[in-house]
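Engineer: Sequence order for the protein chains is A, B, C, D and E. Taking our numbering as reference, the numbering of the first sequence is continuous, increasing by one, and the terminal residue is 277. Taking our numbering as reference, the numbering of the second sequence is continuous, increasing by one, and the terminal residue is 399. Taking our numbering as reference, the numbering of the third sequence is continuous, increasing by one, and the terminal residue is 310. Taking our numbering as reference, the numbering of the fourth sequence is continuous, increasing by one, and the terminal residue is 387. Taking our numbering as reference, the numbering of the fifth sequence is continuous, increasing by one, and the terminal residue is 387.
It should be emphasised that the hints constitute simulated quantities derived from the structure, not laboratory data. Honestly, I wouldn't trust all of these hints.
List of simulated lysine-lysine pairs, BS3-like, C-alpha gap at most 27 Å [claimed, not checked]:
id, chain 1, residue 1, chain 2, residue 2
1, E, K140, D, K327
2, C, K214, B, K393
3, E, K140, D, K20
4, E, K140, D, K140
5, B, K194, C, K260
6, A, K61, B, K250
7, C, K260, B, K214
8, A, K61, B, K23
9, D, K140, A, K101
10, D, K148, E, K122
11, B, K24, A, K61
12, B, K15, C, K251
13, D, K140, E, K20
14, B, K393, C, K67
15, D, K140, E, K122
16, B, K15, A, K61
17, E, K122, C, K214
18, D, K250, E, K140
19, B, K20, A, K61
20, B, K390, C, K260
21, D, K148, A, K264
22, C, K260, B, K204
23, B, K285, C, K67
24, C, K260, B, K380
25, E, K140, C, K214
Some chain C residues well away from chain E (every beta-carbon gap over 10 Å; in silico) [claimed, not checked]:
id, residue
26, E22
27, L204
28, S206
29, S215
30, I217
31, M297
32, Q300
C-beta: ideal position from N, C-alpha, C; glycine also.
The chain contents come next:
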Amino acid sequence: MTNTLSFGRAFRLTLLSLGALIFLAPYIFMISTAGKGQSEIFTSSLSLIPTQFFYLENFAKAFGRVSMGQLLWNGVIVCGLIFVIQVIIAIPCAYAMAKLKFGAARLLMALVMLGLLVPIHATSLPLYVAFDSAALLNSYTALVAPFSISVFAIFLFLQFFRAMPDDLIHAARLDGMSELGIVMRVIVPNAWPAITAFAIFSVVAHWNDLYWPLIVVSNQAYATPPLGLLFFRAAEAGDDYGALMAATLIITLPLVAAFLLAQKRFVEGITMTGLKG
Amino acid sequence: ETTLTVHYPMPGFFKDVMDKVSKKFMEENPDIKIEFANPSPTYEEGIQTIMRQAGTSEMPDLTFIGLNRLRMADERSIPVDLAPFMAKDKASMAEQGFSDTILKLAQVNGKQVGLAFATSNPIMYYNADLVKAAGGNPDQPPKTWDEVIALGAKIKALGNGVDSVDFRWQGDDWMFSALLFGAGGTMLSEDESKVAFNGPEGQKAFAVLDRLVKEAGMPVFTKAAGEQAFVAGKVGFAFQTTGALANTIKNVGGKFDLRTAEIPLLDPVNGKLPTGGNAVVILTKDEAKQDAAWKFAKFAAGPYGASVVVPGTGYVPNNELAAKSPEYLGDFYARNPLFQAGLKQMPRMIPWYAFPGSNGVRVTQTIVDNSSRVVDQSAKPEEALEDAAKEVKRLLPRS
Amino acid sequence: MADMTAISLPVEKSRPIVNVSERHEARVAWMLAAPAMILIVLFILAPVVAVITLGFTDFELGYSTFKFVGFENYAELMGDRTFRQSLWNTAVYTAIVAPASILLGLGVALLIESETVGRSFFRTAYFLPVASLLVAMATVWQYLLHPTIGPVNSLLNLIGLPGPNWLGSAGTVLYSLSMIGVWQTVGFNMILFLAGLTAIPRDLYSAAEIDGAKSPIDRFFLVTLPMLGPTTVFVTTISIINAVKVFETVKTLTEGGPNKASEVLLFTIYQEGFVYLRVGYASAMTVVFLAVLVVMMFAQYRLVDRKVHY
Amino acid sequence: MSALSITNVTKSFGENHILKGISLEAEAGEFIALVGPSGCGKSTLLRIVAGLEGADSGEIVAGGRDLTRLVAAERNVAMVFQSYALYPHLTAGQNIAVPLAMRNLTSMQRLPVIGSLLPGQKAIRTDIMRQVTDMARSLKIDHLLDRKPGQMSGGQRQRVALARAMVRQPGLFLMDEPLSNLDANLRVHARGEIVDLHRRAGVPTLYVTHDQAEALSMADRVAVMMSGNLLQLAAPEVIYDDPAHIEVAKFVGQPRINTIASRVDADGAVTLGTWRLQPHDRLTPGSDITVAIRSEFLSIADLGAPGLPAHIERLEFLGSEVIVYTKLDAIGESMVVKLAPSDARGLVAGKPVTIVPQGERLMVFGADGLRLPADLTFTTQLERAHG
Amino acid sequence: MSALSITNVTKSFGENHILKGISLEAEAGEFIALVGPSGCGKSTLLRIVAGLEGADSGEIVAGGRDLTRLVAAERNVAMVFQSYALYPHLTAGQNIAVPLAMRNLTSMQRLPVIGSLLPGQKAIRTDIMRQVTDMARSLKIDHLLDRKPGQMSGGQRQRVALARAMVRQPGLFLMDEPLSNLDANLRVHARGEIVDLHRRAGVPTLYVTHDQAEALSMADRVAVMMSGNLLQLAAPEVIYDDPAHIEVAKFVGQPRINTIASRVDADGAVTLGTWRLQPHDRLTPGSDITVAIRSEFLSIADLGAPGLPAHIERLEFLGSEVIVYTKLDAIGESMVVKLAPSDARGLVAGKPVTIVPQGERLMVFGADGLRLPADLTFTTQLERAHG
Ligand SMILES: Nc1ncnc2c1ncn2[C@@H]1O[C@H](COP(=O)(O)OP(=O)(O)OP(=O)(O)O)[C@@H](O)[C@H]1O
Ligand SMILES: Nc1ncnc2c1ncn2[C@@H]1O[C@H](COP(=O)(O)OP(=O)(O)OP(=O)(O)O)[C@@H](O)[C@H]1O
Ligand SMILES: [Mg+2]
Ligand SMILES: [Mg+2]
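Please build the complete structure, drawing on both the sequences and the hints.
Structural biologist: Printed below as a string of structure tokens:
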């Protein structure tokens, strides 16, 4: 209640700060590396601040070596499409599973579980063959379609929707809403925290995904940001670390910005105060 | 006008090279346009991509395949046989420096499946400062493994977190081959029916590895860790590909006096060294395109290509003309003594052996795993070698 | 008596109301779920069926033909030491990463929520690992955990502890990877918990305070934890699944080494299928992997789920 | 044909049989109050009628339509939930507007942004806003239209819930304790609004309440439910003055009706302590009966007056009346007497008095709880029992 | 020193000043009923006293401890929430046991699994269970102890919430409409239980209710709040018979008190339609006043009798009484009369009658709403106004 620095609070802050430091350590190193000349990166003594600032050079390399703009734009398109479709598909399904009685719910649950477990690595081959025979490789469709269904989203929303009071849905039915109307007007506005959390996960996952784009994209016009990173890596011979880190920062930055924008949403309490009991 | 789609791996490494080569090629051949497909991060993923795309419309016209994967590609009839093109071009081939030794690197069972594009061999990098500090003479680098081990032990004794040796045994069997071939051994018997690497040569090879750990105190590094420690100036000797040279030079900067030397051979007379790198391979079955593709392949693997690859990477020239002619690399080696070690070893280069059969690749992993048992001292070298041999025997095609 | 029931005419029972509304409900539910179901079938089930089919073949990448070999792949799997090893490693990895990341995720979420200053900063700090690009992070971790020049070991040396060879030694590599796994997933779980916390009615905390739950710990056990039940089940399920599916870190950091000490299931499958190109065999592995997990997860889910919903 | 007919509805939750066959008919425009002890199944019945819960068996027909086959959204009923069930993310005004928007706007027009660009919706929206404001004003919540439920008091939320139901023109009104959180004045006021609306709309209304004043004053008929059965469905006066069942008599009326268990004497008379009552008609001798009389039909006289001697136990002041708790000296039974404060002057706890019942107001119920015929009422008032 | 003293508490939500300085003192064991219109801030005041909401200013002292700086858990108050606030994941029994477990078990013993292995907790748990069962029995929910809130009816939930508060021995009881969802009998019964408990515990109690019968019958003193102020705090009889403010008079009593706005004549008398009232004492001539009289102090006589001529507008039957709504012929003001059903016989809507007020029951309030001195009551009853 009070804002004084009690012992407990000091302890809490220390704990949080220490943890944050540990979690950020790799990033600190990354930012420091992005500003170092190549020979300065691996030394026997640890110094975070570059002796000579190479930020300009490294970022210039990052922008010069690949068409960063194009990559980022592709990333935005692909992630945007994926997210929107996932949500549109998953929310009604999760609602049906959470709040409606129907025979296939259990089967669906099994399918969702299966979907959660199946790694894309295992199914990429059949999917690739299918996309190839449909002549859809090298297109946004190929990048987006396999992720149009997110069982993770279904599973996540399912948990949240269940917690919503039945009376709310009943009231909506009596007010004349169709089930789809209920989803849009009652469920979604009250599930913002879950939807935002999912948005973050979805965008992050697909923004950073390297595996699938590598498989379906051979035309560089459709390359997504991580594909751009490849141009700074040379597994066999050692990477160009400074430029790699600079490029990574450029690619990660939009995510951080998006996260900062989104985070208010998923901690904004939607208390079920319309209800009693 | 013909458009060729070219796929290549490791863009971080090859992008500049490819851009340069293709630019020059297009200047010389205005009727051929080169387009690059999305590159693959590693050789491994490169070949996966090609195999997936084989037969589909996505398949590029040319690609660059790791030398040790040519056999596998050929077993799947992916590369186009280059013999007919070479026959047509016989005269100019020799003239352009495609010697038999070089051509052999990209042959599988006598079939020319590609042209070696960038080739490397294993060399010894060393930190002259540490060598000096340990009482060695940097100008007289060790010539035998015994010397390496002795000097390594002294370097290790310097303390302060300094390590003696980083031997790049991880990832594949290339560096094991370096020891084995260097001792004059072979992986399999002549007819490829029996395991041969567990012979005396192999035993010597594993013994070296064992002694590096036992006597010189070589730590268990991951690939990246070894590289990072070396460029940080914390390792005396590093044994790995010449391909890493350019980058190592950049990473070391002025931190210490970096030198290179030929890798010691267990059999200095008959010892051979495996060739790393890749070969350009024609994939397109479209005859119209094939001619253009051949032109490009020849150009890339030719002297001009080599003259671009070598300085940018550290690879050794895959083309004799390039190495000698002043028009190409000329005085490059004089100016860049660090690059000479690889060049000097060129006569010893033999193909990186690829195992037959569907388990060919897995055999490599078996050898790596058993090498690691020696390095982390969880098994005696003889034991590990025998295990490796047994396992590999099991994995070879039963004939 | 028996006779009487036999001859008595069926009494017309008044129609149950249930069926109608339930049938309608079911119909609507089907409609709402249909797009998802179709897509699941298309992009998950069908490929899985393909994988299962491939598991009975000797298909190898690059060859255009294959033949059916029955259960040969499965027979081979029985004796595959690598598979067993990676099964064990995966289990160990999961046993470390799942609980640790759940507990830490929950702890961090609670700490951040109860704090008034710097919330945005802390949330972002703990979230960043989730957004990290592993290809780049791998390099960083290699360096941080470097046995000799790495900052982690330097710090350990400062306080007089010997620094282990984190990624290099067979004894520690799995734990190091687990640590990185935890680092990556705590933020993920934190977000889920933060979202879950919003759904708890404030009134319950009021009631708890009135009921004499003096310490935050009391309130946590009385209100937060039970009310987070569904979220926790979700997070647990997802954490386990994600831990079992560990792949990228192994691939980029250790390649399963040294000597298979960090060989995990998905890596083994990948290795078999894409590096050794034995897709048929890899498919059989995948099938076993899936079968075990689906049964396990579904059982767990049904069991726990019933408990947490009220 | 009745406007609403509920036939033989049953419902169980697991082992608990909540509704054991409820049947009920309502005329067009009839207002039926549903009363009964807490947990007797009133809300459940309402929810079944609304189609929110499936009955185990039974039928519901309204306005000639068999609702049984319709889902909730199609039944066109308006309902006030006991738990309010307001949409937490909408303001009070938006909450009230929902049913109107649902009916009057097309689904295109309802879309968030695009919707507001479509032609024709402007006028409709204005009209909706007008109706919402009117309704809010009549329930005195017009100053709260911009608040979300979380920012309102309990009674305010309840009124929003009520407004949301009342703003529509449904085929059926269902109200589950819509006024329980309102203060007396507001309650009276809201009552008036509901009755008005009901009269204008002319649709059957089922109204659950715990407030007897509400049930008796608003309803055309009152339905008394108890442990899963409908005990009596009749006009308020009948329920109060002429209950068909002892439970109904006990349930309705404050303070609770006074009851004395007794047995019919051999001669058909009934002995109450020191007094014998002689009924008009004969009662079956030896049968168990219960005699009941409401507290307002008792009066208190000084000790010695003809009547039942008793002691005052305590007094309760209720503003316009005083409740006197007494105990009969002879049989130790409690008797509660309701008096005007003026009549209660001078009464104090412990004082011995005489209780004087109005004989024609005595009711007799049989062992099965059912009322014995009305002509049984006693004419021979309070004869002193002989011996 | 008083057991609870609330001093000058203020609270605003944004622009809305909800509490404008509430001060209130309660003796040890005093039962104070808090009444007031919906939304006047009763719940808010309770939440502030409980420490669940911070006041903008003001002090709260209970049992000699300054609560203002303590968090809710340390204030040792028991509260029944208007919204129940039951733990949805716990059964009714577990819900009720929570406060006992919190107090009697150590935090180790409360741990889920380990706790049940620790020594000594067994006996405590048994004791808790006994207390829970006793309390549940007294509120008639003992058969529900194993149900979760989601499986209970509204009234049942409310009783669980009540039981949870009553099972403790706090320093202060706060109850926010704890009986609003109960039927009359249960409510009377629960009322009795609360009063009993209160008497045993002997701690101050603040009790919010909308039910005037509850407020008047249970409370030692009644506090009437209105628009953020405490208008009157006094014994029930005083509140009812002797309200200090016109709003209090209007708020308490059902039906609402009859009021007629008027102005004092030059001679200090008051003209009500065709009648002139002569007060004992002088009123300031020309000042605006309101004359008020409760409906039970009016009676209806036949047309022509001395009194105010009026027409009957409608009748409302309430079981033990009948409410007659009339309109005065002379000034068009409404007058509501409460009669016993027997006195109302023969009355029908539209009938012209005479209304006879009991003069000594008339109250006069000034323009500021405050009661004018009691000795102002009229002795000269209803003189026909001249001219
Ligand atoms: N969070 C809030 N934000 C803004 N206004 C609020 C908030 N909470 C309550 N109010 C307002 O404060 C006033 C007092 O609310 P409170 O709940 O104390 O009323 P109350 O007297 O308990 O009413 P009721 O009898 O209806 O329960 C109400 O007008 C309400 O609208
Ligand atoms: N989901 C459920 N599972 C089991 N029992 C239930 C469930 N819902 C309600 N009940 C029980 O059914 C009975 C009837 O509940 P209902 O809500 O209809 O009562 P009510 O008459 O509305 O009571 P109140 O006046 O207290 O609101 C109650 O005894 C309740 O405990
Ligand atoms: Mg109910
Ligand atoms: Mg309130």
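Engineer: Which constraints among the numbered hints does this structure fail? Numbers only, ascending.
Structural biologist: Going through the list in order, the structure violates hints 2, 4, 9, 10, 15, 25, 27, 28, 29, 30 and respects the others.
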